[in-house]
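When we follow the working numbering, the leftmost residue of the sequence shown carries the number 7, and every step to the right adds one.
It should be emphasised that the hints constitute simulated quantities derived from the structure, not laboratory data. Quantities reported herein were computed from a predicted structural model and do not represent experimental measurements. Note that the Cβ used here is the ideal one computed from N, Cα and C, for glycine as well. Be a bit skeptical, because a hint or two may be false.
What the hints assert, rightly or not - Listed next, the in silico DSBU-like pairs over lysine-lysine satisfying Cα-Cα at most 30 Å (straight line):
id	residue 1	residue 2
1	Lys108	Lys50
2	Lys80	Lys160
3	Lys50	Lys143
4	Lys31	Lys50
5	Lys31	Lys143
6	Lys31	Lys108
Stated by the list, open to error - Ranges of calculated distance between the beta carbons of each label pair, as one might list FRET restraints:
id	residue 1	residue 2	range
7	Glu187	Thr128	36 to 46 Å
8	Thr24	Trp186	31 to 41 Å
9	Arg132	Glu58	28 to 38 Å
10	Trp186	Lys12	43 to 53 Å
11	Leu56	Phe10	39 to 49 Å
12	Arg222	Asp91	23 to 33 Å
13	Lys31	Asn69	23 to 33 Å
14	Glu115	Pro49	32 to 42 Å
15	Arg222	Phe10	50 to 60 Å
16	Ser22	Glu134	33 to 43 Å
17	Met118	Glu89	14 to 24 Å
18	Lys31	Glu58	36 to 46 Å
19	Asn139	Glu52	36 to 46 Å
20	Ser119	Ser22	32 to 42 Å
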Amino acid sequence: MKSFHKVMCLLINVDSATDRLQEAKSQLDKQDLHWERLEAVTPKSEEFVLPEAGSKWYRELTNGEVACYLSHRKAWRKAIDAEVDYLIVLEDDLVIDGPLKKITDEIIEADMSWDMVKLFETRKSRHELRSLNSGVKIVDTPTMPIATTGYIVKVSSLSRLLESTMQFSRPIDVELKSYWELNLRIYSIYPPPIKISEDNDSTIGVRQGDLSTVQRLGKIKYNFLSSIRARLGYFFRGFSKP
């Protein structure tokens, strides 16, 4: 017997990106999934506030990266205020490639000790945790997928996530890769029901282009240390029951 859970689905979309909204709407309406549009924060929004300078990453964030981060935090707060149990967050450059509603329902019913499950996965190295009736698997990977195109999160974990990200110095997708700092357990779905559109230039803002020599060295150091930490966590998680 299935349990009843209140689920909110939010699509992050910039006001000016009407074409993306229509494309996302045409896909979501075929999924029997109730969803809402969430107006994205942009560098011109009243909600836009630059975070205090930090040192966790190898360069300063662009305004677009800050706006993207703030948009996800806005979605988290909305779910808490609505007093729902689960939140599905989608970005408007998604391509749905599977029964999204059925998969997210099965993730919830699996009742595993996760905080977040990413619906976009590209890693070749993965450990199967649970096979679902829809033909996909909940998997654990040594490192997290870099994108935040789609994920489901337990709202009971969001207060902790909001508190730990009040100040930030990394893009939202990089932040979630460092899940151990956020005290989160994050899994993924494979094969992924969501992919990123080939036309995936950010409508909120672009990432920084050329890096200086110092920034390049900082990037190499950051990625190396982050990868070691993530792989160690993956190894030790193998001894615990999900």
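Now for the hints, and whether the structure bears them out:
A threshold of 30 Å between alpha carbons decides the hint, and for Lys108 with Lys50 the separation of about 37 Å lies outside it, so the pair is violated. Note on Lys80 and Lys160: the hinted pairing holds, with a Cα-Cα distance of about 15 Å set against a maximum of 30 Å. Proposed proximity of Lys50 and Lys143 is contradicted: the alpha carbons are some 40 Å apart, above 30 Å. Proposed proximity of Lys31 and Lys50 is supported: the alpha carbons are some 25 Å apart, at most 30 Å.
Distance hint between Lys31 and Lys143 is fulfilled; the C-alpha atoms sit about 26 Å from each other, no more than 30 Å. A hinted pair counts as satisfied when its Cα atoms are at most 30 Å apart, and Lys31 with Lys108 qualifies at roughly 18 Å. In this structure, Glu187 and Thr128 break the distance hint of 36 to 46 Å, their C-beta atoms being roughly 22 Å apart. Our hint of 31 to 41 Å for Thr24 and Trp186 holds, since their Cβ atoms are close to 39 Å apart.
Our hint of 28 to 38 Å for Arg132 and Glu58 holds, since their Cβ atoms are close to 36 Å apart. With their beta carbons about 29 Å apart, Trp186 and Lys12 fall outside the hinted range of 43 to 53 Å. About 41 Å separates the C-beta atoms of Leu56 and Phe10, a value consistent with the hinted range of 39 to 49 Å. Separated by about 44 Å at the C-beta atoms, Arg222 and Asp91 break the suggested range of 23 to 33 Å.
Between Lys31 and Asn69, the C-beta spacing of about 27 Å keeps the proposed range 23 to 33 Å intact. At roughly 40 Å, the beta carbons of Glu115 and Pro49 sit within the given window of 32 to 42 Å. For Arg222 paired with Phe10, a C-beta distance near 51 Å keeps the hint of 50 to 60 Å intact. Distance hint for Ser22 and Glu134: a CB-CB separation of about 41 Å, consistent with the stated range 33 to 43 Å.
Between Met118 and Glu89 the beta carbon distance is about 23 Å. The supplied range of 14 to 24 Å therefore holds. In this structure the hint that Lys31 and Glu58 lie 36 to 46 Å apart at CB holds, the actual value being about 37 Å. In this structure, Asn139 and Glu52 meet the distance hint of 36 to 46 Å, their C-beta atoms being roughly 45 Å apart. Our hint of 32 to 42 Å for Ser119 and Ser22 holds, since their Cβ atoms are close to 40 Å apart.
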